[in-house]
Structure formats: structure tokens, C-alpha cells
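**Student:** Residues per chain are reported as follows:
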Amino acid sequence: MNKIPEHNYLAEPKGLKSWLLTLDHKRIGLMYLFAIMFFFAVGGFFAVLLRLELLNPGKDLMEADTYNQFFTLHGAIMIFLFIIPSIPAALGNITLPLMLGAKDVAFPRLNLASWYIYVFGSLFAVFSILAGAVDTGWTFYTPYSTTTGTSVISMTLGVFILGFSSIFTGLNFIVTIHKLRAPGLTWFKLPLFVWGLYATAIIQVLATPVLGITMVLLILERVFGIGIFDPAMGGDPVLYQHFFWFYSHPAVYIMILPGMGIISELISVFSHKKIFGYKAIAFSSLGIAFISFLVWGHHMFTSGQSEFAAMIFSFLTFLVGIPSGIKVFNWIATMYRGSITFEAPMLYALSFLFLFTIGGLTGIFLGALSVDVHLHDTYFIVAHFHYVMMGGTVMAFLGGIHYWWPKIFGRMYSELWARVAAIIIFIGFNMTFFTQFILGSRGMPRRYYNYLDQFQPLHAFSSVGSWVLGVGFIIMAAYLIYSLFKGRIAGNNPWGALTLEWKTTSPPDPHNFKETPKIDYGAYDYDTVMVESTIR
Amino acid sequence: MAIATTHAAHLQNHYADSEQQRESAKLGMWIFLLTEVLLFGGLFVTYGIFRAWYPEMFFNAHKHLDVLLGSVNTIVLISSSVTMALAIRSLQVNSKQHAIMFLILTLLFAATFMVIKYFEYSHKIELGQLPGRMYTYTGVQGSNPHIFFSVYFAMTALHGLHVLIGMIVIGWVLYRTIKNHFSHEYYTPVEMTGLYWHLVDMIWIFLFPLLYLIG
Numbered sequence: 001m002n003k004i005p006e007h008n009y010l011a012e013p014k015g016l017k018s019w020l021l022t023l024d025h026k027r028i029g030l031m032y033l034f035a036i037m038f039f040f041a042v043g044g045f046f047a048v049l050l051r052l053e054l055l056n057p058g059k060d061l062m063e064a065d066t067y068n069q070f071f072t073l074h075g076a077i078m079i080f081l082f083i084i085p086s087i088p089a090a091l092g093n094i095t096l097p098l099m100l101g102a103k104d105v106a107f108p109r110l111n112l113a114s115w116y117i118y119v120f121g122s123l124f125a126v127f128s129i130l131a132g133a134v135d136t137g138w139t140f141y142t143p144y145s146t147t148t149g150t151s152v153i154s155m156t157l158g159v160f161i162l163g164f165s166s167i168f169t170g171l172n173f174i175v176t177i178h179k180l181r182a183p184g185l186t187w188f189k190l191p192l193f194v195w196g197l198y199a200t201a202i203i204q205v206l207a208t209p210v211l212g213i214t215m216v217l218l219i220l221e222r223v224f225g226i227g228i229f230d231p232a233m234g235g236d237p238v239l240y241q242h243f244f245w246f247y248s249h250p251a252v253y254i255m256i257l258p259g260m261g262i263i264s265e266l267i268s269v270f271s272h273k274k275i276f277g278y279k280a281i282a283f284s285s286l287g288i289a290f291i292s293f294l295v296w297g298h299h300m301f302t303s304g305q306s307e308f309a310a311m312i313f314s315f316l317t318f319l320v321g322i323p324s325g326i327k328v329f330n331w332i333a334t335m336y337r338g339s340i341t342f343e344a345p346m347l348y349a350l351s352f353l354f355l356f357t358i359g360g361l362t363g364i365f366l367g368a369l370s371v372d373v374h375l376h377d378t379y380f381i382v383a384h385f386h387y388v389m390m391g392g393t394v395m396a397f398l399g400g401i402h403y404w405w406p407k408i409f410g411r412m413y414s415e416l417w418a419r420v421a422a423i424i425i426f427i428g429f430n431m432t433f434f435t436q437f438i439l440g441s442r443g444m445p446r447r448y449y450n451y452l453d454q455f456q457p458l459h460a461f462s463s464v465g466s467w468v469l470g471v472g473f474i475i476m477a478a479y480l481i482y483s484l485f486k487g488r489i490a491g492n493n494p495w496g497a498l499t500l501e502w503k504t505t506s507p508p509d510p511h512n513f514k515e516t517p518k519i520d521y522g523a524y525d526y527d528t529v530m531v532e533s534t535i536r
Numbered sequence: 001m002a003i004a005t006t007h008a009a010h011l012q013n014h015y016a017d018s019e020q021q022r023e024s025a026k027l028g029m030w031i032f033l034l035t036e037v038l039l040f041g042g043l044f045v046t047y048g049i050f051r052a053w054y055p056e057m058f059f060n061a062h063k064h065l066d067v068l069l070g071s072v073n074t075i076v077l078i079s080s081s082v083t084m085a086l087a088i089r090s091l092q093v094n095s096k097q098h099a100i101m102f103l104i105l106t107l108l109f110a111a112t113f114m115v116i117k118y119f120e121y122s123h124k125i126e127l128g129q130l131p132g133r134m135y136t137y138t139g140v141q142g143s144n145p146h147i148f149f150s151v152y153f154a155m156t157a158l159h160g161l162h163v164l165i166g167m168i169v170i171g172w173v174l175y176r177t178i179k180n181h182f183s184h185e186y187y188t189p190v191e192m193t194g195l196y197w198h199l200v201d202m203i204w205i206f207l208f209p210l211l212y213l214i215g
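In the order they appear, the protein sequences are chains D and V. When we follow our numbering, the leftmost residue of the first sequence carries the number 1, and every step to the right adds one. When we follow our numbering, the leftmost residue of the second sequence carries the number 1, and every step to the right adds one.
Rather than coming from a laboratory, the hints here were simulated on the basis of the structure. Owing to the predicted nature of the structure, the values given are computational and were not obtained by experimental measurement. Possibly wrong hints are sitting among the right ones.
Unchecked claim - Computed spacing ranges between beta-carbons, pair by pair:
# : chain 1 : residue 1 : chain 2 : residue 2 : range
1 : V       : G128      : D       : T66       : 37 to 45 Å
2 : V       : S122      : D       : V238      : 32 to 40 Å
3 : D       : F318      : V       : R89       : 50 to 58 Å
4 : D       : L61       : V       : S122      : 50 to 58 Å
5 : D       : F188      : V       : D66       : 54 to 62 Å
6 : D       : L294      : V       : V67       : 36 to 44 Å
7 : D       : D527      : V       : R176      : 52 to 60 Å
8 : D       : L61       : V       : T138      : 51 to 59 Å
9 : D       : L10       : V       : M101      : 32 to 40 Å
Unchecked claim - Here are a few chain V residues that face chain D, going by a calculated C-beta distance under 10 Å:
#  : residue
10 : A25
11 : T35
12 : G41
Yeah, the Cβ is synthetic: ideal placement off N, Cα and C, and Gly gets one too.
With the hints as constraints, model all of the structure from the sequences given.
**Tutor:** Pasting the structure below:
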């Protein structure tokens, strides 16, 4: 196989209109991927500027108000425009029907609509940047968000609209997984990435509407002064926090669960060994989804919540460690005595294992009441969620992109450069964020523009780390774009993987499969089935 | 994309058969209804919290809602649910004329609801029984009476918006019924519209006692 197949979804049908009106899940996923990568670059650019400002105490680059706007934009863009849609809407969209042996998702028009809703919502966010960028932090806490002069309404309206996009993706995936599996593909034969997407979709569907109504109430509060979040009028600002975190805590599992799904695929494929504890991993995804709805109060340990409620929430928060731990142990057990190869996707999977474990463990520290009072609103929190979100989700996302790249585009990237970039990103990430654990434990508050001189060396080290990270991403962008034109032809199955998406051509046919694929072997039967790689 | 000739016209080509397509639509619609319940859930929680905080004020303020108009609207909406169900039944037995009649009746009931709501709203606006800062009325005993009207307007306005959207969708399936798009073999869009419409009614059935009948 040394030719790109003639009939593939990238090549036909032709024309801009055929893309903008496409109902093909692969094209929609690809359009998501481009939009998401664009916003990832924008959000990353803000991050580098923030770190540059923090290189020295006092003013380096921007005024304090600008700094407030920049960290808000960094957070809002990264959360709502990048990381929430990243894995499900882009990679999930492309691979889910392929993994199920289906021709498309259940509702292709709804799928396209969700992309347009995403673009529409992002326009509101962009408009908000131009019209006086929000400076409330990405959480839009009242009462500040109802009084600040910046454009809160357009940003929260954008978030409201983006929520629908997320709901529609989740709804589509649930129905697709229930109804469009190939004959013989029973629930316990599904790839674990599908289980991850399923658990994610449940949270998207159940939690996002609550964010929607919260944003509506915030807008009503700001426009009409309805008073329900305003203590001067008999309202309660902590109620806003409860509403916000009732969505936004489950939302962090919207971000991490599909990432965990990818890791399950990568670890098994590159250890060339059957996944260990399939059912435990599958059910732990659902377990995390369930517990995710019961822990929101741990964001309010210091906000005037009752001590009893805080104790309950602390206990429930610890419970999240159980299904997460089950996953990590099962991945390690999968690698044990496997024949591990270290291709780029596997490097990201290993990065995930290290970084997520640190991020998860520090989450347990923060779930402990007395420790949280000390560490609350410090850089320790910042480091914790960057370890989980960037060290976890983004590493899994990058691993997923490298893993499915040959399927999506039919060509290989430079393996050497991919490994170099993966290692640089791993080092840069730890330089940037491990430092922040130390800063936080020594009392450096988050979101501060200025700081004491004693923190300067650590801040500077963290800033240098952000440049290393930046270099890693630029290398990645370069070799990925190069591969689109000059990359080696990948063939159907460069990794010798067993899930269904590798049975079709790369890039796949517009209808995915010539005929509905047969389930000859399990997704992880590496101990009994040997499929030759198409690049070796 | 060519549709295989053996497929019925309504069958999208990524489904194996009509049964699979209808089951998928149903499941999707039920999930959507679940999101609607959670959307309103936020408002019901708000209601619960403030009623617990200000029970007397809520009791006093609710007397300023018109129970008669509320009751009429409840009957109107329940009737519209009946006619909606009858419209679906008519399609199942291939009686197009009846289906059209029942859909028009449903639309009329929905419009009646909105007209009554309009009169209720304009009366309150006149008296200054308005949300939050805009509240100028003085006749309600108890602390922070504007909160009651914030909750009242937020809940009924969101519900009213759903009624309006429902009317648009019912109008659309009415048009398609007239155009002969449906038969006893394929009436999924009408059935889905019915599911949505029953949910809108159900939400009102909770709103009515919570707002109008505080005892």
C-alpha cells in the first residue's frame, strides 16, 4: 500500500460548499479540530504573555487591568472553546462511528448544527474580547461580574450558546452508541475510548443545562438587576457559586474522561497486550461520571458553606480517587510484561500517567479540609488543575492526534521529530507547573499581578518553562503540517491495532466502510490476534 | 449522496431500517427532554431556596397572582396535550384530515395560553410588580418581595418561550402534514413534537401550584 486511496472523505465531494454543508462526521470532526486548534493557539498565546508579565515583580509588559483581562481570556478560551470540545467533538466525532462500524453518527444534521453553534458562540467570545475583555476570571463570580464595566454579557452569552453545542454532541453520541453499533458489537466489546465518550456524554447532557440557566440568571441579574445573587436585595452570591460549580465540576470530568479513554487505547496498542481489567476501566468511567455530580461543594470550602456540608463534600471528593486509581493501576498492569514500544502516541500516554497521577494526588490534598484552607486560591491550585487538565487531558489529546493522524490524513508525520517534541513538551510542562506547586505551598496567591521579591526566582523559572513548552508546540505544528504534504503513506493500519477504525482505508471512504465490518476479534485481543503494521 | 432505491424516502442512509431510525429519534428526544428538565431544574432550585428563606413574603406575594387566569391556562394547556396526542393517533390510523384539525386545535390552545399570559404580564407591569430593581409596587408584606417576582417572571418567561417555540414546531409539522409528508408508516417528527409539547405542559403543571397556589 503506497498510495492514498482514490475514494476518501477528504477528496470527495469537492468544493467549499461540500465542506460547509457536509453531514459527514469525519469532515465535521475535522472542522472542529481546526477551530479548536486555532483557539488553543490563541489561549496559549495569552498564557505565554501572562508568564512573561510574571517574569519580574511589578510591571513588565502590561497594566494590572490588562493582566486581569488576559488571565480571564486565557481561562475562558481554554475551558469553553478548547478543552471541553477538544476530544469529544474533534477526535470523538471522527473516530466514534468508525469504532462502532457505523456509517455516521445518529443525527448528522444535528452534528453539523453543533459545529455552527460552536462557531456562533465563539464569535460572541471574540466580540467580547474586542468590546472590552472580561476581567472576572473564567468563573464569572458575582457580585463582581454584575458590577464590572467589562463585557460580561457577550462572554456569558457565548458560554450559554457553546453549551448547546456541547449538549448536542453529547446527545448525538449517546444515541449513536446505543443504536448504531455494528451487528455483534456488544457493549463489552466496545473500545474503551467509546466508554469514555459515553460517560462524558452523560455529563454533557446532565450538567450543561444547569450552566445554561446559570448564565441566563447572571445576564438577567446584570441587565435587569433581578437581585437573586445580590445580598443587598435579599439574594445570595454563594448561590451563584453553587450553580456554577454544579456544572463546572462535572465539566472537568467532561474534559478528563475522554482523555482517559484515549489512554486506554494507546497503552494497550503500544504494549501489544490485552488491556488489563476491561470492565473495571469501563465501569470506573461511569463511576467518575456519577460521583462528579456530588462534589461541587469542594470549590466553596472557604466561601461560607456550612462546616457539615464541607465535610460531606470533602468525603465525596476523596471517593473520586477510587475509580481514577482503578484506571491508573489497570493501565500499569496492562504494561506489565507487555512488549512496549515508544512511538510518539505512547510517549504522550506515559506523560499522561506521570502527570495525571501527580495532578490527581494533589487533588486529594486539596479535598482535605484543613489543607485546602491553607492552599486555597494559591498557585498550588493553579498547578493542580494544570497537571490534570494540561498534563492529563491535553497530553491525551496530543497522544490521540498522533495516534489517529495517519487514519485522518492517510500520512505519517516524522516519528523522530514527534518524539523530540513530546519530550520537550514534557520537560517544559514540568518546568512551568511543578514550580507552581512550590510557589503555592509557600503562599503565592493565584491571579495576582504583583508579588514579593522572594518568589521571583521560581516565577522566572516557570516563565522559562512556558517558552520551552512553546518551542515544543511550534515544532509539533511544523512537522504535522509538513506531513500533510510530504508524509509517508500510512496504509490502513500503521500501528497494527485491532479496533474497527483501522480496518478501513486511510483516509476512510466517505461512507466509512465498503460494507459493515464483521467482528472477528475483540478490540484488545493482542494475545491471540496478530495484525501486521502497514508501515513496517 | 444517493439513497438506495430499496430504502423508503424518509429513511436516512446511515440507518439500516425505519425501526432503527425511529428508535434513535425517540431516544434522542427523551435525552433532550432530560436536558430541558435540568434547565428548568436550576430555576426550581432557586424557587425552593428563596421560598425557604422568605416563606411569609412568598405567601403574601402569591395572592397578587390571578388564580382564575392561572387555572384557565392550566385547563387550556392540558386540553392542548390531549389534542396533540389525538393528532398523532390520527396519523397512526392514516386520517390526515383529523390530524390537521387536531394540530390546528393544539395551536389555538397554545395561542390562548399566550394571550392570557400577555394580559397577566401587562397587568403586573402596570402595577410595578416587577423583578428586582424594577419593582415599584408597595402592596406586598414581608421582606424582599421583588425576589418573588424575579422568580415568577424568570420561570414563566422561560416557560412562555418554550410555548412559543412549541407553536413554531407545531406549525411546521402541520405544514408537513398538509404536504403529505406523513403516513401511518412515518410520523416521527409529529411524535417527537408531541413529546416536547407534553413536557412543556408538565412544566406548567408544576409552575401553577408552586406560584399560584401557595398555602
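**Student:** Taking the hints in turn, state whether each one holds.
**Tutor:** Status of each hint after checking the structure:
Taken as a hint, the range 37 to 45 Å holds for the pair G128(V) and T66(D), whose Cβ atoms sit roughly 42 Å apart. Between S122(V) and V238(D) the beta carbon distance is about 35 Å. The supplied range of 32 to 40 Å therefore holds. Evaluation of the 50 to 58 Å hint for F318(D) and R89(V) yields a pass: the beta carbon distance comes to about 53 Å. Between L61(D) and S122(V) the beta carbons are some 55 Å apart, a value that agrees with the proposed interval 50 to 58 Å.
A hinted range of 54 to 62 Å holds for the C-beta pair F188(D) and D66(V), which are about 57 Å apart. Between L294(D) and V67(V) the C-beta distance comes to about 39 Å, which sits within the given range of 36 to 44 Å. The supplied range of 52 to 60 Å is met by D527(D) and R176(V), whose beta-carbon atoms lie about 54 Å from each other. For L61(D) paired with T138(V), a C-beta distance near 54 Å keeps the hint of 51 to 59 Å intact.
Restraint check, L10(D) to M101(V): a C-beta distance of roughly 51 Å breaks the suggested window 32 to 40 Å. At its closest, the beta carbon of A25(V) sits 8 Å from a beta carbon of chain D; the interface hint therefore holds under the 10 Å criterion. Among the interface hints, the one on T35(V) holds; its C-beta lies about 5 Å from the nearest C-beta in chain D, closer than the 10 Å criterion. The beta carbon of G41(V) is positioned within 10 Å of a beta carbon in chain D (closest approach about 7 Å), and the interface hint is therefore held.
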